[in-house]
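Visitor: All chains, please: the whole structure from these sequences, using the hints.
Take the position in the sequence shown, starting the count at 1, then add 13; the result is the number in this note's numbering.
Simulated from the structure, these hints should not be mistaken for laboratory data. These numbers were taken from a predicted model, which means no experiment stands behind them. Backbone N, C-alpha and C define an ideal beta-carbon position, used for all residues, glycine too. Warning: the hint list may mix true and false statements.
Claimed, not checked - Computed spacing ranges between beta-carbons, pair by pair:
1) Leu205 / Asp34: 21 to 31 angstroms
2) Leu113 / Leu205: 30 to 40 angstroms
3) Gly49 / Ala97: 12 to 22 angstroms
4) His203 / Ser111: 30 to 40 angstroms
5) Asp130 / Arg214: 25 to 35 angstroms
6) Phe101 / Asn21: 40 to 50 angstroms
7) Lys185 / Asp70: 14 to 24 angstroms
8) Phe101 / Gly49: 31 to 41 angstroms
As the list claims (entries may be wrong) - In silico DMTMM-like cross-links for lysine to aspartate or glutamate, where the CA-CA straight-line distance does not exceed 20 angstroms:
9) Lys55 / Glu96
10) Lys185 / Asp130
11) Lys119 / Glu96
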Amino acid sequence: MAILTARNITKRYGKQYALKDIDLTINEGEIFGFLGPNGAGKTTFIKIMLGLATPHDGELELMGVDIFRNRKAAIQQVGAVVEAPIFFEYMTAYENLSYLVALSKKISRERILDVLDMVGLSAAVNKKVGAFSFGMKQRLGIAQALLPDTRFLILDEPTNGLDPHGISGVRKLIRKLTSELGITVFLSSHLLIEVEQICDRVCI
Numbered sequence: 014m015a016i017l018t019a020r021n022i023t024k025r026y027g028k029q030y031a032l033k034d035i036d037l038t039i040n041e042g043e044i045f046g047f048l049g050p051n052g053a054g055k056t057t058f059i060k061i062m063l064g065l066a067t068p069h070d071g072e073l074e075l076m077g078v079d080i081f082r083n084r085k086a087a088i089q090q091v092g093a094v095v096e097a098p099i100f101f102e103y104m105t106a107y108e109n110l111s112y113l114v115a116l117s118k119k120i121s122r123e124r125i126l127d128v129l130d131m132v133g134l135s136a137a138v139n140k141k142v143g144a145f146s147f148g149m150k151q152r153l154g155i156a157q158a159l160l161p162d163t164r165f166l167i168l169d170e171p172t173n174g175l176d177p178h179g180i181s182g183v184r185k186l187i188r189k190l191t192s193e194l195g196i197t198v199f200l201s202s203h204l205l206i207e208v209e210q211i212c213d214r215v216c217i
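Guide: Encoded structure:
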């Protein structure tokens, strides 16, 4: 099953093309790499995938739903970490996620604890985020993105700013989410070595 199908996606800023005639299909259960240098339009494409930007031309479906006609339904099981996640540092990991979902009755305490366990933060549930390493904050950002029973996870440069240990940990986590939970991952990166080591397929 195709999780995402994009056809002829084109986006311009003035006369400059950020994206031109992008065609791609992402299949369920794979880690899909989107490789390009900074400024190549990777973040623009992510914004289009999330319905936060409109292309000048093209179509995009998430799990069979047109993102431009029915955004709410299309992104229902989509999670994203687009920039370095920001949290309240005086709160614990659990308190941060609990605060973020306070308005949603669909997400239970058990679900919050489950996603923290998924990303390897079960031992840090009651630890204040101010004491987290950058890698732990990145994991917490991924936990936040997984909260709504996510099937499709979008990660924009997920290892930026991490030390080698943190990079290794995030890569192992991404593989685990796919192999054990069947979550499909879209990984945007400017690093060839990143997509070579972790992705099943790559679009350049």
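Visitor: Against the 20 angstroms threshold, does the CA-CA distance of Lys119 and Glu96 hold or violate the hint?
Guide: Given that 20 angstroms is the threshold and the Cα spacing comes to 26 angstroms, the pair is violated.
Visitor: Just to be sure I understand the hint, the distance between the Cβ atoms of His203 and Ser111 should be within 30 to 40 angstroms; is that true here?
Guide: holds (34 angstroms)
Visitor: Indicate whether the distance between the beta carbons of Leu205 and Asp34 respects the range 21 to 31 angstroms.
Guide: holds (23 angstroms)
Visitor: Assuming the hint says 30 to 40 angstroms, is it satisfied by the Cβ distance from Leu113 to Leu205 or not?
Guide: Holds: the Cβ-Cβ distance is about 34 angstroms, inside 30 to 40 angstroms.
Visitor: Sort out whether Asp130 lies within 20 angstroms of Lys185, counting only the CA atoms.
Guide: Holds, because 14 angstroms separates the two Cα atoms, which is no more than 20 angstroms.
Visitor: Lys185 and Asp70, beta-carbon distance inside 14 to 24 angstroms?
Guide: violated (39 angstroms)
Visitor: Kindly confirm whether 31 to 41 angstroms is satisfied by the beta carbon distance between Phe101 and Gly49.
Guide: Roughly 33 angstroms apart at Cβ, these two residues keep to the hinted range, so it holds.
Visitor: Taking the Cβ atom of Gly49 and the Cβ atom of Ala97, is their distance within the range 12 to 22 angstroms?
Guide: Hint holds: Cβ distance 19 angstroms, inside 12 to 22 angstroms.
Visitor: Does the alpha-carbon distance linking Lys55 and Glu96 stay inside the 20 angstroms limit?
Guide: Cα-Cα ~12 angstroms, so holds.
Visitor: So the hint says 25 to 35 angstroms: do the beta-carbon atoms of Asp130 and Arg214 match that?
Guide: With a Cβ separation near 29 angstroms, Asp130 and Arg214 satisfy 25 to 35 angstroms, so the hint holds.
Visitor: For the pair Phe101 and Asn21, does the Cβ-Cβ distance stay inside 40 to 50 angstroms?
Guide: At roughly 42 angstroms between Cβ atoms, Asn21 and Phe101 fall inside 40 to 50 angstroms, so the hint holds.
Hint compliance for this structure: hints 7, 11 are not met, and every other hint is.
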